[in-house]
Amino acid sequence: MHLNRLTCHELVEMIKAQTVTAEEVVEHVFRRIDEVESKINAFISTFKEDALEKAREIDRKIRRGESVGLLAGIPVAVKDNICTRGKLTTCGSKMLSNYIPPYSATVVEKIEAAGGIIIGKTNMDEFAMGNSTETSFFGCTRNPWDLTRVPGGSSGGSAAALTSDETVLALGSDTGGSIRCPASFCSVVGLKPTYGLVSRYGLVAYANSLEQIGPMAKDVLDCAMLLTAIAGHDPRDSTSAPRSPYDYTSAINGDIKNVKVGVPREFFAAGLDERVEKSVLSAVSILEDLGATCGETSISYLEYVVPTYYLIAMSEASSNLARFDGLRYGFTAKCDGDWNEVFSATRSEGFGEEVKRRILLGTFALSAGYYDKYYLKALKVRTLIKREFEKALAKFDVLVAPTMPILPFKIGEIIEDPLTMYMMDIDTVPVNLAGVPSISVPCGFVDGLPVGLQVIGGFFGEEKILKVAYAFQEHTKFNLKKPEI
Amino acid sequence: MPIERSEELGVKIGLEVHVQLTALKTKLFCSCSANYRGMPPNTLTCPICLGHPGTLPVLNRKAVEHAMMVALALNSSISPQMFFFRKNYFYVDLPKNFQISQYDKAGGAPLSTGGWVEFSVNGERKKVRIRRIQLEEDPARLTYPGTITSAPYTLVDFNRAGVALLEIVTEPDMETPEEAYFFLQKLRSILEHLGVSSENMQGSMRCDANISIMGGARVEIKNISSFRDVRRALQYEIMRQKQLLRRGGVTKQETRHWDEDRQITVSLRVKETESDYRYFPEPDLVPVKIPEEWVSKVASQMPELPDARKERFISDYGIPEYDAIVLTSSKKIADFFEECCKLYSNPKKIANWIMSDLLRNINETGMDVTEMSITAEQFIEMIKMIDEGLISGKIAKRVLRESIRTGRPPRIVVEDEGLLKISDENVISKLADEVFREFPKAVEDARRDRKAVNFLVGQVMKKTRGRADPDVTNKVILSKLEENRAIPSRS
Ligand SMILES: [Zn+2]
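Read top to bottom, the protein sequences are chains V and S. For what it's worth, our numbering labels the leading residue of the first sequence as 1, then goes sequentially. For what it's worth, our numbering labels the leading residue of the second sequence as 486, then goes sequentially.
Rather than coming from a laboratory, the hints here were simulated on the basis of the structure. Remember, it's a predicted structure, so these values are computed and weren't measured experimentally. Ideal placement from N, C-alpha and C gives every residue a C-beta, glycine not left out. Errors might be hidden in some of the hints.
Heads up, simulated DSS-like pairs for lysine-lysine below, C-alpha to C-alpha not over 30 Å straight-line [what the hints assert, rightly or not]:
{"no.": "1", "chain 1": "S", "residue 1": "Lys590", "chain 2": "V", "residue 2": "Lys377"}
{"no.": "2", "chain 1": "V", "residue 1": "Lys482", "chain 2": "V", "residue 2": "Lys48"}
{"no.": "3", "chain 1": "V", "residue 1": "Lys386", "chain 2": "S", "residue 2": "Lys774"}
{"no.": "4", "chain 1": "V", "residue 1": "Lys395", "chain 2": "V", "residue 2": "Lys380"}
{"no.": "5", "chain 1": "V", "residue 1": "Lys356", "chain 2": "S", "residue 2": "Lys590"}
{"no.": "6", "chain 1": "V", "residue 1": "Lys48", "chain 2": "V", "residue 2": "Lys87"}
{"no.": "7", "chain 1": "V", "residue 1": "Lys278", "chain 2": "V", "residue 2": "Lys373"}
{"no.": "8", "chain 1": "V", "residue 1": "Lys391", "chain 2": "S", "residue 2": "Lys817"}
{"no.": "9", "chain 1": "V", "residue 1": "Lys373", "chain 2": "S", "residue 2": "Lys817"}
{"no.": "10", "chain 1": "V", "residue 1": "Lys386", "chain 2": "V", "residue 2": "Lys373"}
{"no.": "11", "chain 1": "S", "residue 1": "Lys915", "chain 2": "S", "residue 2": "Lys882"}
{"no.": "12", "chain 1": "V", "residue 1": "Lys377", "chain 2": "S", "residue 2": "Lys774"}
{"no.": "13", "chain 1": "S", "residue 1": "Lys782", "chain 2": "S", "residue 2": "Lys833"}
{"no.": "14", "chain 1": "S", "residue 1": "Lys936", "chain 2": "S", "residue 2": "Lys915"}
{"no.": "15", "chain 1": "S", "residue 1": "Lys915", "chain 2": "V", "residue 2": "Lys380"}
{"no.": "16", "chain 1": "S", "residue 1": "Lys590", "chain 2": "V", "residue 2": "Lys380"}
{"no.": "17", "chain 1": "S", "residue 1": "Lys590", "chain 2": "V", "residue 2": "Lys386"}
{"no.": "18", "chain 1": "S", "residue 1": "Lys817", "chain 2": "S", "residue 2": "Lys834"}
{"no.": "19", "chain 1": "S", "residue 1": "Lys590", "chain 2": "V", "residue 2": "Lys373"}
Sample of chain S residues with no beta-carbon within 10 Å of chain V, all distances over it, derived [said to hold, decoys possible]:
{"no.": "20", "residue": "Leu494"}
{"no.": "21", "residue": "Pro542"}
{"no.": "22", "residue": "His742"}
{"no.": "23", "residue": "Asp769"}
{"no.": "24", "residue": "Asp901"}
{"no.": "25", "residue": "Glu902"}
{"no.": "26", "residue": "Arg932"}
{"no.": "27", "residue": "Arg950"}
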């Protein structure tokens, strides 16, 4: 039996019942990593010895009859922009290629407290800026369904690791689709929580007001379990919502009778690959078959979401990434000049093209004379979009849409064309602008390439989207299909 | 003011004062100790105040309360909701290369706006308006081996990074360096009374000044670290600008650095064009609501402020208003005065001695009142020695001066230097005889004119280095003049 192929909910039962040990699970996972990692490149670093040690500790506890957590003995891959104390955290950048954080992110502490075992750090677009994992300093991650294609991004490493069974659970972060896009491209489940549900403490900021850490998993139940482990108020994050712990698996029962599902027509406009459209529309009829009431609705201003998103994200990024100057940590350029020259050299050599592009554009947008024209205007559009979602979600329990308007593309195919790249985010970024939760769940294959269905909920409506996604998954079983690597 | 009547020059001075809220236990956005003085460099730091990636600020609510107290004391109206903004610029002292500060534009609201400070300048009332008060984080401290320009490297101490800093901005309402000085003195006394900043404010209160003359360009002076230097820097700058204008030059809008060692302002020549800080709302902090109840709760816990204390001094101790103003110009002095009054109920005399001799001597030594070592007990002991006739007032002045310079208590100075008053008639009589022999002419004059007696008394004083009791000496000399009337002069 390949334990690494199982799900979290299956494995936890087995580990607790002592039919398998956590150590065996971790061993299987690392065996798989050794097997396929050279092809996939999902990880930037792995912690085999530590992971095995922690697994044995869990096993000891179970044997002694001590209580163990929700994720007891479960391997979790963590995106490399989430700080792990004493363990390399690079953000996929040369700038942090030697950075070992002195502290752990709140979510990492929570996972460890729940018995989860951090097995490694996953590859990503540099500083989460991208949707293909091609901008990583550590090379592109390959899509397990077709090694010549991108896994999506920026949490491409986490998604690919799940698809290739190199892990059982994974964490991603989603600023404008960075969990959902690779979930869709790799045919796994990824959830972007409501802004404020999961602590951002320890997530290296790209665009603070938009991003959330979220669970990625092989099925919806696992996704709910990981969300249960990481959600909740954190006094270290002032933007964290004052919500008490909640078991997100409790609502999952497969029954979606009379759930009102809205289909916003703007998400099916020009630019959407016809094959993707077909898959998503067939998903809508499946939901209807399952008893949901589906109806058309509208989210206006969708044509403005991409520029709005990028203005806000780049502006925040230009400030967030200012701290990387080589003075206190990270990469420092060899340079004999004064501080100004050292900072410049460090940043010129330490950042990649896409990161520099976004810093420059963001700096420009915040500059005197442009602030009102760009940043402030973007904030106003953001408010309008948020209202659109509030309106639509007052009528419907959830909204469904394609996660990505296209199928996974070839490595190197679009990377030189940033505008085309940015436009691919059209279906994911509105969710971040609004701050609402959204899950991407596998909804079929076109020519052997995965398509993702996005289920969007109202504020703190994680339960509902999980419920709909689960019902859909249980009926379609797309989650069970595995690629040959 | 030594230069010229500044109204003629149309001098406008505004101040930007930065006050560290040192009474707080922790920094503004993390739980590191804010009490960094005397600590080894870079020992009071954490991932947050070092700007590590992924860290987030959490606002110290106590800092907001301390800031609110200052706003209330300066009659400034507190915003019902305030925001933090990022002020973006690259510099080695900024761990994140942006400072979390506040902003009054772009929809921002600082802690408070408006307000005023009323104070007295050489007996005249003056009111300076406050523009705004805001909370921000202090950058790290930089030290340069040697001077700022010649140092081969810079050392950065992040202990100071993130300490809560209050920025108090005034309107350009001051017309002389003197007014700026007294404004700062009053502000300092208010802060001391509020207890939000340490008593010894050395370095915890920093000041930038802006000044324009005759409607000319506004010049900013940065890096002024003491009150005295604010006055000096402004005096220097008025002189410099005046000379420039006299020679037909034009003042240009610039930032100048106060060079403490050379006591001049120097143009910074930073290549920086018009600084663009790219302010935008800090996305990691939520707006801070300051409801009326919170304000009134803080207001109800406000300690007595200098103005109220001044009024109380006038009514409780019966001292003149001027004295009360001087005594309340520093919390340390006001406390000292009250302590003295508890030990010895002669407020007027205590006030006189504090104002005329204690403060003058402290000023002359260039010391700060907070640094004086004399205690109320020691001071009262000295005053009692005067009242008990053990030392004369004149000796007391000497003793006090010596005491302040050396830190030795007055009684020890008196004992060490044998300064106890001589009241023994026999001793004084012998000395008077010597004087009579040395100044026969004066003795004759004194017989005719009582006013000339003072000369003879003075000579006895001189022989005793002021220790002879003036009353006894006077009596002895008068009786000798009577005795000797019959004796013909030898000349
Ligand atoms: Zn700290």
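Exercise. Looking back at the numbered hints, which does the structure fail to meet, lowest number first?
Worked result: 7, 8, 9, 13, 15, 21 and 23
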